[in-house]
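A.B. asks: Spelled out from the first residue to the last, the chains are:
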Amino acid sequence: MDIKELTQIVEALLIASPEPLTETRFKACMGDDKATLPLQDIIAELQAEYERSERAFLIKEVAGGFQLVTKAEFEVYIKGLFTKAGKLRLSQAALETLAIVSYRQPVTRNDIEAIRGVSSDSSLRTLLDRKLLEIRGREEGPGRALLYRTSPEFLQYFGLNSVQDLPKLKEVEDILSEDQRELI
Amino acid sequence: MDIKELTQIVEALLIASPEPLTETRFKACMGDDKATLPLQDIIAELQAEYERSERAFLIKEVAGGFQLVTKAEFEVYIKGLFTKAGKLRLSQAALETLAIVSYRQPVTRNDIEAIRGVSSDSSLRTLLDRKLLEIRGREEGPGRALLYRTSPEFLQYFGLNSVQDLPKLKEVEDILSEDQRELI
Amino acid sequence: MTLKAHRIDLEMFEGPLDLLLFLIKRDELNIYDIPIAQITKDFLRYVDLAKELKLHSAGDFILMAATLMKIKARMLLPVEADSDDEIEDPRTELMNMLLEYKRYKEAASVFGNIEQQERPHYYHIPVTWNPQQEDQTALLEDVKLYDIMLTFQYLLKNYEEPVMHSVAVEEVTLTEQVDFLSGLLQANKSLRFSSLLEQFESRLIIVVTFLAILEMLRSQQLRVKQTELFDDLILSRGTEFGH
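Chains as they are written, first to last, in this note's numbering: chain A, 1 to 184; chain B, 1 to 184; chain C, 1 to 243.
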């Protein structure tokens, strides 16, 4: 199978797939027609083709796979497809809760509230509603509190390939010295 | 706005739209940038471009709108995307049935229908098909109705060790009680 | 400061820790050596407002006020000079909480920036996800445990106690369908499930037949083969067939 055929198959899969296309899933789709190239290479070829032909979309590596996304410049038109004015931004409370869960997962509601110093029910609910967090099992031990984790949608939402790609949590000293600089 | 720009905008809309793109919706997306051509003509141009560049997809007119679909010849590969459950997709009816079985198991079909108030045959069938539910034994007594339970696959999908780990109603209330839902 | 200014200020804070960090920054205080009396005084002025405004998190502010007053009181206790024990600064725990919270607050603003940067990109999601979609109703995109909770909660709210002794009228029984299938398997070595379905008009009969298959499968009167998901089921006689 030549590269042309492979790019066509991958393109068809990207168009049809409701979630990011992973290497594993790609292999499964190929079945007995073993691909002669890794998915990564076929994607690179396809990406170059999209650039050459000035397509309105590109391929993004996200949540461990590849997915088609529209280019940023079309946002102004795409917004009209959705009833709410574009995508709703998360509140500061929700972002804090999400930050805690993403760096500390799995965590209980108590863990989150201990760090934020404030009840976090409503942010948790918002994040569950938007499928950015999910409930995943229970803590060991007597309380058996529910555990929260980030979802695959979280990775997509922030355009991350995996939780390892999260920006590194800064050390206190660095943050404080930045504050100092700001004051001067 | 020239035809090139218009085809790009329409392409971006086709990629991002969760439902077929209609002329009305297209106009709404264009806002004050009135399109100088009817959607039909832009689609024809885009379609021709896809044919020339041998894309693996084409534009199909359905339900009064347009959507991207993959060419039939790739069906054999695309099937592979749906063989194993990635994300779980259920109809509202199936979700309701699953919720009742999760919390009330073991239950009979009549128990489920009493709560939902409608026949639940097809949802039960879907859920059995997807291996989220299983039939285990029969009710005591004259009717000897079949009893439904959640399956091991159900637990695995949701990361639970046992049905006892499902969030309790009390915990559900805790998360949901927040009447003051956060504005995001 | 007017009350109005306070109100605006207070709503900007995510909670008591956020307010404390604000006071520390505003007054250029050293987080490692917080002047507890001063900060307690300032903090209490805000807490009064929190109560007045019936702020959603007023309880959390009041709790922090109590903590601050406790620390203040402990700071006033004389330190015994001859004590061998290393005396812990009463402010240590609060300081650690503030530092920890500050890290995540910082991370939250990074997340906010990424969100902003990702916003203009829209992911492609196919309009129809599965050609073999078994249901005419729209499919929910990705079902989570949370959806199951919500749904059950919702159903319970709308659930009225069932009328006792209601009898469901069935057109066909499970036993009838088991007999029917046995008959067919007696005559044919194997059957296609799809060809069975073609014979039935009512969904109920189809489901009962399906349940009959499951029942026969369980008692090993029948075997089912399927080459892959969504493929046709092929039924044949099981080890206990005819028993």
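Treat the hints with care, since some could be wrong.
[Claimed, not checked] Below, computed lysine-lysine pairings styled on DSS-like, alpha-carbon distance capped at 25 angstroms:
| no. | chain 1 | residue 1 | chain 2 | residue 2 |
| --- | --- | --- | --- | --- |
| 1 | A | Lys71 | B | Lys131 |
| 2 | B | Lys71 | A | Lys60 |
| 3 | B | Lys27 | A | Lys79 |
| 4 | A | Lys168 | C | Lys25 |
| 5 | C | Lys189 | C | Lys157 |
| 6 | B | Lys27 | A | Lys34 |
| 7 | A | Lys60 | B | Lys79 |
| 8 | C | Lys189 | B | Lys170 |
| 9 | B | Lys79 | A | Lys27 |
| 10 | A | Lys131 | A | Lys71 |
| 11 | C | Lys157 | A | Lys131 |
| 12 | A | Lys71 | A | Lys60 |
| 13 | B | Lys34 | B | Lys71 |
| 14 | B | Lys71 | A | Lys4 |
| 15 | A | Lys27 | B | Lys60 |
| 16 | B | Lys34 | A | Lys71 |
| 17 | B | Lys34 | B | Lys79 |
| 18 | A | Lys60 | A | Lys4 |
| 19 | B | Lys131 | B | Lys71 |
| 20 | B | Lys4 | A | Lys79 |
Calculated directly from the structure, the hints in this document are not laboratory data.
A.B. asks: Between the alpha carbons of Lys71 (chain B) and Lys4 (chain A), is the straight-line distance 25 angstroms or under?
C.D. replies: Since the Cα atoms of Lys71 (chain B) and Lys4 (chain A) sit roughly 15 angstroms apart, the hinted pair holds (cutoff 25 angstroms).
A.B. asks: With the threshold set at 25 angstroms, check whether the alpha-carbon distance from Lys27 (chain B) to Lys34 (chain A) stays at or below it.
C.D. replies: Roughly 45 angstroms separates the two Cα atoms, so the pair is violated.
A.B. asks: Compare the distance between the alpha carbons of Lys131 (chain A) and Lys71 (chain A) with 25 angstroms, and conclude whether the hinted pair is satisfied.
C.D. replies: Satisfied, since the Cα-Cα distance of roughly 24 angstroms is no more than 25 angstroms.
A.B. asks: With the threshold set at 25 angstroms, check whether the alpha-carbon distance from Lys189 (chain C) to Lys157 (chain C) stays at or below it.
C.D. replies: 50 angstroms, violated
A.B. asks: Is Lys60 (chain A) within 25 angstroms of Lys79 (chain B), Cα to Cα?
C.D. replies: With a Cα-Cα distance of about 23 angstroms, the restraint between Lys60 (chain A) and Lys79 (chain B) holds, given a limit of 25 angstroms.
A.B. asks: Are Lys27 (chain A) and Lys60 (chain B) close enough, with their CA atoms no more than 25 angstroms apart?
C.D. replies: 28 angstroms, violated
A.B. asks: Is the straight-line distance between the alpha-carbon of Lys71 (chain B) and that of Lys60 (chain A) 25 angstroms or less?
C.D. replies: 23 angstroms, holds
A.B. asks: Does the alpha-carbon distance linking Lys71 (chain A) and Lys131 (chain B) stay inside the 25 angstroms limit?
C.D. replies: Distance ~39 angstroms between Lys71 (chain A) and Lys131 (chain B) Cα, so the pair is violated.
A.B. asks: Compare the distance between the alpha carbons of Lys168 (chain A) and Lys25 (chain C) with 25 angstroms, and conclude whether the hinted pair is satisfied.
C.D. replies: Within the cut-off at roughly 24 angstroms; holds.
A.B. asks: For the pair supplied as a hint, Lys27 (chain B) and Lys79 (chain A), confirm whether the alpha-carbon distance does not exceed 25 angstroms.
C.D. replies: The given pair, whose Cα atoms are some 12 angstroms apart, holds under the 25 angstroms limit.
A.B. asks: Are Lys189 (chain C) and Lys170 (chain B) close enough, with their CA atoms no more than 25 angstroms apart?
C.D. replies: 53 angstroms, violated
A.B. asks: For the pair supplied as a hint, Lys71 (chain A) and Lys60 (chain A), is the alpha-carbon distance within the 25 angstroms limit?
C.D. replies: Holds, at roughly 10 angstroms.
Consistency with the previously given hints fails for numbers 1, 5, 6, 8, 13, 15, 17, 19, ordered from lowest to highest.
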